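Q: So you can see what is in the structure, the chains are spelled out below.
2 protein chains.
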Amino acid sequence: MPQNSKYVIGVDLGGTKIYSTVVDMAGNIQASARKKTKAELGFDVVVGRIAKCIKEAADRGGIDLDTDIATIGIGSPGPLDLDKGMIIETPNLKWKDAPLKARLEEILHKKVVIDNDCNAGILGEFAYGAGHGAQHMVGLFIGTGIGGGVIIDGKLLHGYNQNAGELGHVILDPNGPECGCGVNGHLEAFASRLAIEREIRVAELHGVQTAVLQNGEKTVRIRSKKIAEAFFAGDAAVIAAVEKSALYVGYAVANFLNIFNPQVVVIGGGVVEAIGEPYVKIVRNTATKNVFDIARRNVQIVKAELGDNSAALGAAVLAWNAVANEKLL
Amino acid sequence: MPQNSKYVIGVDLGGTKIYSTVVDMAGNIQASARKKTKAELGFDVVVGRIAKCIKEAADRGGIDLDTDIATIGIGSPGPLDLDKGMIIETPNLKWKDAPLKARLEEILHKKVVIDNDCNAGILGEFAYGAGHGAQHMVGLFIGTGIGGGVIIDGKLLHGYNQNAGELGHVILDPNGPECGCGVNGHLEAFASRLAIEREIRVAELHGVQTAVLQNGEKTVRIRSKKIAEAFFAGDAAVIAAVEKSALYVGYAVANFLNIFNPQVVVIGGGVVEAIGEPYVKIVRNTATKNVFDIARRNVQIVKAELGDNSAALGAAVLAWNAVANEKLL
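Protein sequence lines, in the order shown, are assigned to chains A and B. Counted the way our numbering counts, the first sequence spans residues 1 to 329. Counted the way our numbering counts, the second sequence spans residues 1001 to 1329.
If you are wondering where the hints come from, they were derived from the structure by calculation, not from laboratory data. Just so we're clear, the structure is a prediction, and the values are computed from it rather than from any experiment. For every residue, glycine included, the Cβ atom is placed at its ideal position computed from N, Cα and C. Don't take every hint at face value.
[Unchecked claim] Keeping only pairs whose Cα atoms sit at most 25 Å apart, straight-line, the calculated DSS-like set for lysine-lysine is: (1) A:K155 x B:K1155; (2) B:K1096 x A:K94; (3) A:K289 x B:K1155.
[As the list claims (entries may be wrong)] Here are some of the chain A residues that sit facing chain B, going by a computed Cβ distance under 10 Å: (4) V208; (5) T210; (6) I282; (7) V302; (8) N321.
[To be verified] Derived DEER-like restraints, expressed as beta-carbon distance ranges: (9) A:G182 x B:P1177: 50 to 56 Å; (10) B:N1028 x A:K94: 39 to 45 Å; (11) B:N1285 x A:P177: 55 to 61 Å; (12) B:E1178 x A:E204: 44 to 50 Å; (13) B:G1133 x A:G48: 41 to 47 Å; (14) A:F232 x B:N1285: 22 to 28 Å; (15) B:N1325 x A:A233: 47 to 53 Å; (16) B:K1094 x A:D97: 56 to 62 Å; (17) A:K84 x B:G1182: 24 to 30 Å; (18) A:K94 x B:E1243: 50 to 56 Å; (19) A:P177 x B:V1202: 54 to 60 Å.
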């Protein structure tokens, strides 16, 4: 195994696409490749597609996978068994007990390390993005769902079964709306893109005119970009829905400040990317109003910086950490 | 400094009393002493009282403080500056920037280490009580207020400003009752002994007969013991108030399971000591109903074991850890 490789490969395995990147130690992406996941074709086919996507990224960067790359990191939907490198189950991909690490190592003859996609995203922001330089960080990604992760003393929080950090699934009101996971009043049920969409539809049912539902789109999903356009155009229903989302994220962040006392809170994901600072400002104001002085002191609540690259870059960090650990042995 | 001492001294510094214990490495209390805190006499006087209480415990155990004790640990109300060993401020004791560690070291010529009283209690349960053997633990003490603490990979979670773990101050409903800290809907405002008392008084105002308010006690506090007696005697108002408290603690524990994915959750404090298993059972049922399968898997939700000794024993663990760190240097 090459001990002084200049590059690793970080892979973001999503429900709809695979994104692989060749990354140097400073977090610069040298080359990348994308493929559709096609999860419906089953685990074996998708593993083959991941391997191809990895090879394509290396080829594009003019990098020899065999000699120039020590390790490959993957951010995968979970829950995962990190030691075995297995996907325990994932609603997105419909697999159970899938040996992701072992199968990819067989195909590529390379060491593979995995962590869940949210943790990878948090790790990316921690190492190369908005959390750079901090040792205590909380991260939240507000998209179709809400994922999160926590860095404590420079290390990812994993917990006993290695599935800590489910920060979207905290009850903020036991009588609140039902979450996709079945529990009432989770942050995700108040603040995800789907929750924003629900609020807009409810407002429209109550007679509020809204640009995003003009064409009778009862079933089509309302994308973050469209939400942002209507938000900045002054659409009342959309503004109310977005502000409610940010308010509840703010309550949750207040809780995470009292729980973790972090140095930085990084807020990212599709909704935040699209709306930007107006969203983060509501989160910041709500959080700092509802927290102890000592937990508010010095804390930065900021927008994520890496956009769609966060999970792939964080997967690269996983790989670099594995290289470092190997050198220590 | 004695390098192979058989004992340390652990001190629980409370708003009303000081409790000091001589403890061996296995957590056996060899001797102890108690004094009233008399916080109103000021910091200097109280430091003198702590020193006296420490000497009394040593004397009672027939132990020479100078030669047989390496280190003294103190669980103190916070927030604290752990590095400087200072109390930053504490509403209970009305001190600000009080140099607890430095002043006690001057008087006793012994190394003193401090942490906040809740963390000390959690550490006691972790090392010698209900969390023994676990590496990932969440602890909650339900008393007049609600305090908590977290052990991750065998170590206390401290955070950036060393004041993480404020688990009583998490919003469980932004429209809920106001907490003592001024924020609406904190766990403490739903579930502390004071919250139980408020619920009982509200029920009585609505015409519900209750044994604990029979003598027109409008202002006297209702102690946990009295609450427990009425609970077991079938007093409807008290049962409803206690069950509501346990329900909200259950919601909070569900959140902590998804956040921390611990191996064990320890529930203690005056209310839980008084009611016991019926209380813990509601917490357990509520928590495990509202959490991901993976975070529920293998987790134990149990009653604390050390009662009033938890903070003093945890302070002893602080001291033992300091001894161990010194040997490593």
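Q: In ascending order, which of the hints set out earlier in this document are inconsistent with the structure?
A: 2, 3, 4, 5, 6, 7, 8, 9, 10, 11, 12, 14, 15, 17, 18 and 19
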